[in-house]
Amino acid sequence: MATAAGAAHPWATSPSGKSTAGRQSTDDPRITLDRQVGAGLYEPIPPYPTRTEREGEFYSLGDGEMFLNVGPHHPATHGVLRLVLKLSGEQIVDVDPVLGYLHRGVEKICENSDYYHVIDQVDPLEYISSLFQEWAAVLSFEKLMDVRVPRRAEYIRVLSGELLRVASHTLYMGFLALDLGGLTPILYGFIERDEIVEMLAALTGARMLFNYYRIGGVNGDLNHEFMSRLGDWMSRAARQTEASAGLLNENEIFVRRTRGVGKMDRETALRFGVTGGNLRAAGVPFDVRRAHPYSVYPELEFNIPTRQEGDSLARYLIRVDEVRESIKIIDQCLHGMPDGPIMARLPRLLRPRPGRAWGACEGPRGMMGVYSISDGSDQPFRFRIHDPSFVNLQTVPTLLPGNLLADTMAIVASLDPVMGGIDK
Amino acid sequence: MRASMTSVLAFARDLPAGVMARLSIQERIAIIFTVLAIGGAATTVIAIVWLGPPLTDFLGANQPLVRFVVAATAILMLTVPTAFVLIYLELKVIARMNLRVGPNRVGPWGSAMSVIHGLKVLSKEDFAPTGADFTVFTLAPVVTYMASVMTLLVIPFAPGLIGQDLNIGLLYFFAMSGLTVVGLLMAGWSSFNKYSLLGGLRSAAQMISYEVPLTLSVVGVILLAGTMSLNSIVLAQSGSFLDWFVFKQPLAWLIFFIAATAEANRTPLDMTEADSEIVAGFATEYSGMRFGFFFFAEYVNVFIVSALATTLFFGGWTAPFQWPWTYNLNWFQPLSFGFFGWLGILLAGLLLGSYFFGLLARLVGGRTWGLWPSVTMGLLVDLVVMVGLIGLAGFVAFNWVQGLVWFMAKTYFFVIVFVWMRATLPRVRVDQLMSFAWKWLLPASLLNLFVTATAVVLLNR
Amino acid sequence: MDRSLKARLEARLGSQLRGSVYQRGDETEIRVDPGSVPEVLTVLHDSVDLHFEILADLAGVDTGEVMQVVYHLWSPMTSDWLRVIADGISREDPRTPSATFIWTGAEWLEREAYDMFGIVFEGNRDLRRIFMPPDYTSFPLRKDFLLPDDAARSPGAGVRHVERAHVPADLADDPAAGIRRAPVS
Numbered sequence: 035m036a037t038a039a040g041a042a043h044p045w046a047t048s049p050s051g052k053s054t055a056g057r058q059s060t061d062d063p064r065i066t067l068d069r070q071v072g073a074g075l076y077e078p079i080p081p082y083p084t085r086t087e088r089e090g091e092f093y094s095l096g097d098g099e100m101f102l103n104v105g106p107h108h109p110a111t112h113g114v115l116r117l118v119l120k121l122s123g124e125q126i127v128d129v130d131p132v133l134g135y136l137h138r139g140v141e142k143i144c145e146n147s148d149y150y151h152v153i154d155q156v157d158p159l160e161y162i163s164s165l166f167q168e169w170a171a172v173l174s175f176e177k178l179m180d181v182r183v184p185r186r187a188e189y190i191r192v193l194s195g196e197l198l199r200v201a202s203h204t205l206y207m208g209f210l211a212l213d214l215g216g217l218t219p220i221l222y223g224f225i226e227r228d229e230i231v232e233m234l235a236a237l238t239g240a241r242m243l244f245n246y247y248r249i250g251g252v253n254g255d256l257n258h259e260f261m262s263r264l265g266d267w268m269s270r271a272a273r274q275t276e277a278s279a280g281l282l283n284e285n286e287i288f289v290r291r292t293r294g295v296g297k298m299d300r301e302t303a304l305r306f307g308v309t310g311g312n313l314r315a316a317g318v319p320f321d322v323r324r325a326h327p328y329s330v331y332p333e334l335e336f337n338i339p340t341r342q343e344g345d346s347l348a349r350y351l352i353r354v355d356e357v358r359e360s361i362k363i364i365d366q367c368l369h370g371m372p373d374g375p376i377m378a379r380l381p382r383l384l385r386p387r388p389g390r391a392w393g394a395c396e397g398p399r400g401m402m403g404v405y406s407i408s409d410g411s412d413q414p415f416r417f418r419i420h421d422p423s424f425v426n427l428q429t430v431p432t433l434l435p436g437n438l439l440a441d442t443m444a445i446v447a448s449l450d451p452v453m454g455g456i457d458k
Numbered sequence: 385m386r387a388s389m390t391s392v393l394a395f396a397r398d399l400p401a402g403v404m405a406r407l408s409i410q411e412r413i414a415i416i417f418t419v420l421a422i423g424g425a426a427t428t429v430i431a432i433v434w435l436g437p438p439l440t441d442f443l444g445a446n447q448p449l450v451r452f453v454v455a456a457t458a459i460l461m462l463t464v465p466t467a468f469v470l471i472y473l474e475l476k477v478i479a480r481m482n483l484r485v486g487p488n489r490v491g492p493w494g495s496a497m498s499v500i501h502g503l504k505v506l507s508k509e510d511f512a513p514t515g516a517d518f519t520v521f522t523l524a525p526v527v528t529y530m531a532s533v534m535t536l537l538v539i540p541f542a543p544g545l546i547g548q549d550l551n552i553g554l555l556y557f558f559a560m561s562g563l564t565v566v567g568l569l570m571a572g573w574s575s576f577n578k579y580s581l582l583g584g585l586r587s588a589a590q591m592i593s594y595e596v597p598l599t600l601s602v603v604g605v606i607l608l609a610g611t612m613s614l615n616s617i618v619l620a621q622s623g624s625f626l627d628w629f630v631f632k633q634p635l636a637w638l639i640f641f642i643a644a645t646a647e648a649n650r651t652p653l654d655m656t657e658a659d660s661e662i663v664a665g666f667a668t669e670y671s672g673m674r675f676g677f678f679f680f681a682e683y684v685n686v687f688i689v690s691a692l693a694t695t696l697f698f699g700g701w702t703a704p705f706q707w708p709w710t711y712n713l714n715w716f717q718p719l720s721f722g723f724f725g726w727l728g729i730l731l732a733g734l735l736l737g738s739y740f741f742g743l744l745a746r747l748v749g750g751r752t753w754g755l756w757p758s759v760t761m762g763l764l765v766d767l768v769v770m771v772g773l774i775g776l777a778g779f780v781a782f783n784w785v786q787g788l789v790w791f792m793a794k795t796y797f798f799v800i801v802f803v804w805m806r807a808t809l810p811r812v813r814v815d816q817l818m819s820f821a822w823k824w825l826l827p828a829s830l831l832n833l834f835v836t837a838t839a840v841v842l843l844n845r
Numbered sequence: 064m065d066r067s068l069k070a071r072l073e074a075r076l077g078s079q080l081r082g083s084v085y086q087r088g089d090e091t092e093i094r095v096d097p098g099s100v101p102e103v104l105t106v107l108h109d110s111v112d113l114h115f116e117i118l119a120d121l122a123g124v125d126t127g128e129v130m131q132v133v134y135h136l137w138s139p140m141t142s143d144w145l146r147v148i149a150d151g152i153s154r155e156d157p158r159t160p161s162a163t164f165i166w167t168g169a170e171w172l173e174r175e176a177y178d179m180f181g182i183v184f185e186g187n188r189d190l191r192r193i194f195m196p197p198d199y200t201s202f203p204l205r206k207d208f209l210l211p212d213d214a215a216r217s218p219g220a221g222v223r224h225v226e227r228a229h230v231p232a233d234l235a236d237d238p239a240a241g242i243r244r245a246p247v248s
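Chains as they are written, first to last, in the working numbering: chain P, 35 to 458; chain V, 385 to 845; chain Y, 64 to 248.
These are calculated hints, taken from the structure and not from any lab test.
Note that the coordinates shown come from a computational prediction; the quantities given were computed from them, not determined experimentally.
Ideal placement from N, C-alpha and C gives every residue a C-beta, glycine not left out.
Be a bit skeptical, because a hint or two may be false.
Reference excerpt, derived from the structure (chain Y facing chain P, CB under 10 angstroms, subset only) [stated by the list, open to error]:
no. : residue
1   : T105
2   : V124
3   : W137
4   : D143
5   : I148
6   : D150
7   : I165
8   : W166
9   : D189
10  : R191
11  : F194
12  : M195
13  : L204
14  : D207
Model the full assembly from the supplied sequences, consistent with the hints where possible.
In structure tokens, the structure reads:
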């Protein structure tokens, strides 16, 4: 539409005087379009010359192989993930995951935000379990500022964190079943998650991106509604967990689809830096809550479920066990909740001393870590987020080849990736 | 005089265009409609008067042909409402099993949902993807749909209600249902899309593999009934429900049920349209009415395999038990009432019944109901009651109504079992599916066949 | 704070450490030259008394003067986190050896550091951009990254008023641009 006189569209002229005429994406020689279809083979992957050794190896087709783009728009990739599969019939020969569709530049934004705002910015990383990113961030900042968190705040942090872990694992089970074709477990999972999330909404004010932890404590104390909902839920939690888990554990089709599929052995898991349930399913009992305890976890009694098989079924069963352990921890927190303040006394303007700090916590998917560098001002100089799904997803090119296309979903879903965290 | 004639002629010549230009759209449509209606009525009257007698003579002389054409048309027209009912049933039942509500806005309890889906599908843009083979792309859903619908010709819905009682009915059935594979392959190939190709090839592999145990498992039934005519198979199961073939061929029934699930592409054996892996399989590039055809074909397929299961193993239209008391209905001759008799009964039923039920509604509602709400409620309840009474009367009086009711009840029972399986079970992987068919179902059906044949020979000595 | 760790590190790596081992809270920090990173990491991973088997993180840092690559490691032998800072990578041509020969999982972490900072990891078989589009020409997390300059090259250049502001493309003359108050080491 003609707006300014003489200008075809508002952005026809740019300040640097470069003309945007002829700069349509359709003029880009690297992008093949429909009009070239009749001109021969139409293979839009990749549209540019290969740059690295691995890329060259992947994008050369052998005999009888084809590329299939399990693209960013797909009902079953967990978010916007693009997997370029090299298939020979139905068997996967190689995988190239392409990330970045959800990249929001959180690290850069946090460099321009003050320390309170960082906690809000870091929530949407693993949006399903957002308290754990906040926890890693505040752990790192509390080390920078030498802040001692009151015990009651620590207990509340553990309580809310473990509740959210249960909610996240419940959703994981639902998604795994959905990707395998069962329509019902996810809806049951959402019912359970809804109960927990309503509870946390009564506590924190939000249902999904909580913005609850603060440097030195938490934002609000326990209130009556939260405690009554929690009491209701606890009285049913164990039985409900067993029921929902039984929906899938004993389902012959589910077990046959996941047993022996996507086996990750101990050495592979350690080499890739995989953490969380995936590592424990491979036989390494590494849990940040026990390996490098933080908060009040040294005082709480819970086990670290570990399995040896390393296949998708083991990863699923580990999460079921972890839900049981979390319920135990919540019970202990409720019984041992101390009185006291919920926030340490801090100045309003936070200016930590220049320095560096690394804080890590155990999220539902693995170790969530934050490395922050302070330069003495009120904004972090460098805010590095280490996301567990990022390294977990890296194992996909190793686990997938040799399996069938149908197993792609079983394996990727069993690793529990959340694209928000992967793409930051 | 001449000038006025010329001007009148000019006026008359310009009248239509001039007049039409001055009218609004609605008025123009009304005029065109009226003209067409009058013209159509006139043509019809002329046709009846002029062509009527020769036509009736021709039809009277070729009664089987007339019967066939009417039956085929009726079956074709009834597939769409069946698909509508099945789609609604699936949405509602799966929702209830998922602890959700399902559609509940359009129509009472959401029952008009299927109609809205149908209209939506008709109103979408009609396009084919670039590079697709347009002819094959358009014909594929037609082939699939027609193959499914043609099988309905031989299903006995009630005593006397069968499209065509072929004496190779069962063979015809399997031949027609095998044609759906052609349609799916056409769809998968012509879509110019790797997902569609994978889906089409998977579907071809799956359906061909499962046709073998399907056909072998019913050979036992053929041996027991001695014929391939479906009507005779149903008649061979008349009597009490213990005569049903499911009790004489339990293994065949199990194999048939599993193979039928695969033939109908239902979960857990729906690799064809595994929508968490290959988006929508062969139907990825389809939208609008083409996709509507595939959609309807799938649900008609579910109905068909349920109908076949009922016919072959559960006695078709035979009742499971006979009414223990004899009754004499010779006094009830509905056809003797005549046209005005029936009209009087209907009017009386509507008016008196509405009044009665309206009063009842007011009583029950504690006299807070006004005039028109109670009249409306009375009318609705009365309609339901009258339809129920008529249905009951028909059921009691007419043989074919009884048969139809029992047939539909059994068929819909199996339809709901299919929907139940879809809500509950995850999907079987494609290679597990294929190995199950070839390594387990095929030997089992062969075993069943041998045992049945041996038993038939021994028992007939 | 694990004092014995400091002693063990100095014993194993003495000559390759730049400066002393710095310990604060539950973290131990060592600085090394980029060139000695493979040796140091091998020693840390393979020696029996150190046994840092889990690579917790691999991050790039732009201090404004130099670039750093920071490794965080965990070992069952000590209660501290170990931070290895490969310090002194030049900002004009950042190159450092890759850690993928020990930990395959470092591949994507190094890709991210390359994408965000431009640090080239020699030995990484797959060093291409991971988040930004493959034809992107800037490195976003560098301290001299300027969004309007980058946006001027995009097809949507000049749409929003922020990008219309005339910002000089070459900021090498301005020492204050992008550099923070306290020097970060």
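Structure-based check of all given hints:
1. T105: violated (14 angstroms)
2. V124: holds (5 angstroms)
3. W137: With Cβ-Cβ at 7 angstroms, under 10 angstroms, it holds.
4. D143: holds (8 angstroms)
5. I148: holds (8 angstroms)
6. D150: For Y:D150, the interface hint is violated, since the closest Cβ of chain P sits about 12 angstroms away, which is over 10 angstroms.
7. I165: holds (8 angstroms)
8. W166: Holds, about 6 angstroms.
9. D189: Nearest chain P Cβ about 4 angstroms off; hint holds.
10. R191: OK, holds: Y:R191 within 10 angstroms of chain P, min 5 angstroms.
11. F194: Nearest chain P Cβ about 4 angstroms off; hint holds.
12. M195: holds (6 angstroms)
13. L204: Nearest chain P Cβ about 6 angstroms off; hint holds.
14. D207: Not OK, violated: Y:D207 not within 10 angstroms of chain P, min 13 angstroms.
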